[in-house]
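Undergrad: So you can see what is in the structure, the chains are spelled out below.
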Amino acid sequence: MIDDRALVSRIVSGDKQAFMLLIKQHERLVAHMVSRLVDRNEDREELCQDVFLKVYEKIAEFNFQSKLSTWIATIAYRMGINHLRKKKIALSDIPEEDSFTAHFISDNDPQESMEDNEIEVMTLRLIDQLPPHYKTILTLYHVDQMNYCEIGEVTGMPEGTVKNYLFRARNLLKEKVKKYLGKEQLL
Amino acid sequence: MKNEDENLQNQLDRGDFSGEGIDAQAYQKVFDALKQEPEYILPVYFADRLVTLIESKEKVKEISRDNLWLGLGLFSFVIALIVALVLTDFKLSFGAFQFFAGYPGLVFFGIAFIALLNWVDKKIIRKVEAF
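Sequence order for the protein chains is G and X.
The opening position of the first sequence corresponds to residue 1 in my numbering, with each subsequent residue numbered one higher.
The opening position of the second sequence corresponds to residue 1 in my numbering, with each subsequent residue numbered one higher.
No lab work stands behind these hints: they were computed from the structure.
Only a predicted model underlies this, so the values are computations on that prediction, with no experimental measurement involved.
Do not rely on the hints blindly, as some may be mistaken.
[To be verified] Coverage of chain G stretches by chain X, computed from C-beta distances (three or more under 8 Å per stretch; other residues unrestricted):
| id | segment |
| --- | --- |
| 1 | 20 to 27 |
| 2 | 31 to 39 |
| 3 | 49 to 60 |
| 4 | 120 to 132 |
Positions of the beta carbon are idealized from the N, C-alpha and C atoms, including for glycine.
With the sequences and hints as input, model every part of the structure.
TA: What follows is the structure, given as structure tokens:
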């Protein structure tokens, strides 16, 4: 397993095989982030391509102040947010008002009860309905196993904000799932 | 309520979850779903295609750079030629070639011979070498 410094140095000296290795090592991370932010598969692939082109262009400037994966995730996050801005997709925060929470967890599904896997599918759909910053934080924390500090570096948010976003998003999802579990138990 | 939620979330994060009740169950379901990887995966040929794209971009860049140097070289040559002509007060004269006027056959033969040599080189010699 080649370490990050050796890998970067090989890429800077023009070794394309080394860059291919970097792509293979980080394509899942980039695909996770991009797929949470962007809906269309064509846009996703194009954005992933742009992210890695930017990585190749800027790799000589990488100074190892952070992990290589965190740096790549930062580029993916910024480009993902820029893509949403270009498409004029709202990047709104979850409003504090109870009305949003009430709307989010409102029960508009006609089904009376759900199987476990259906609840999982529903939860994944709910994640997609959250604002982009929240989706990114949830993905980086739960899927890519990043810690608060690394997520803060990627998103440019203070650690406290990351924790708060994570708590609020999981809390909202829990409230929605609770409704279905409540029905299940009543049956 | 917030403290209770925080405790449940922290317990699940640490992996020492032992909560009971509907909130705990709901959190368990949420955390299980959150661990699921997004379904989207990049095509298997993604890395190869990207590297090919980078290589073709670099090639285009290299050709543009070469053309730029060629242009600069030609420009410098023309400038140097003009400076040299001005400094030496050079006057163009065909006087040295006037004796050719008496031998039109020789001029024609010379041109035809050079053309023939080029044709032989192109059609025969280079073809044979290629085999």
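Undergrad: Hint by hint, which ones does the structure fall short of?
TA: Violated: none.
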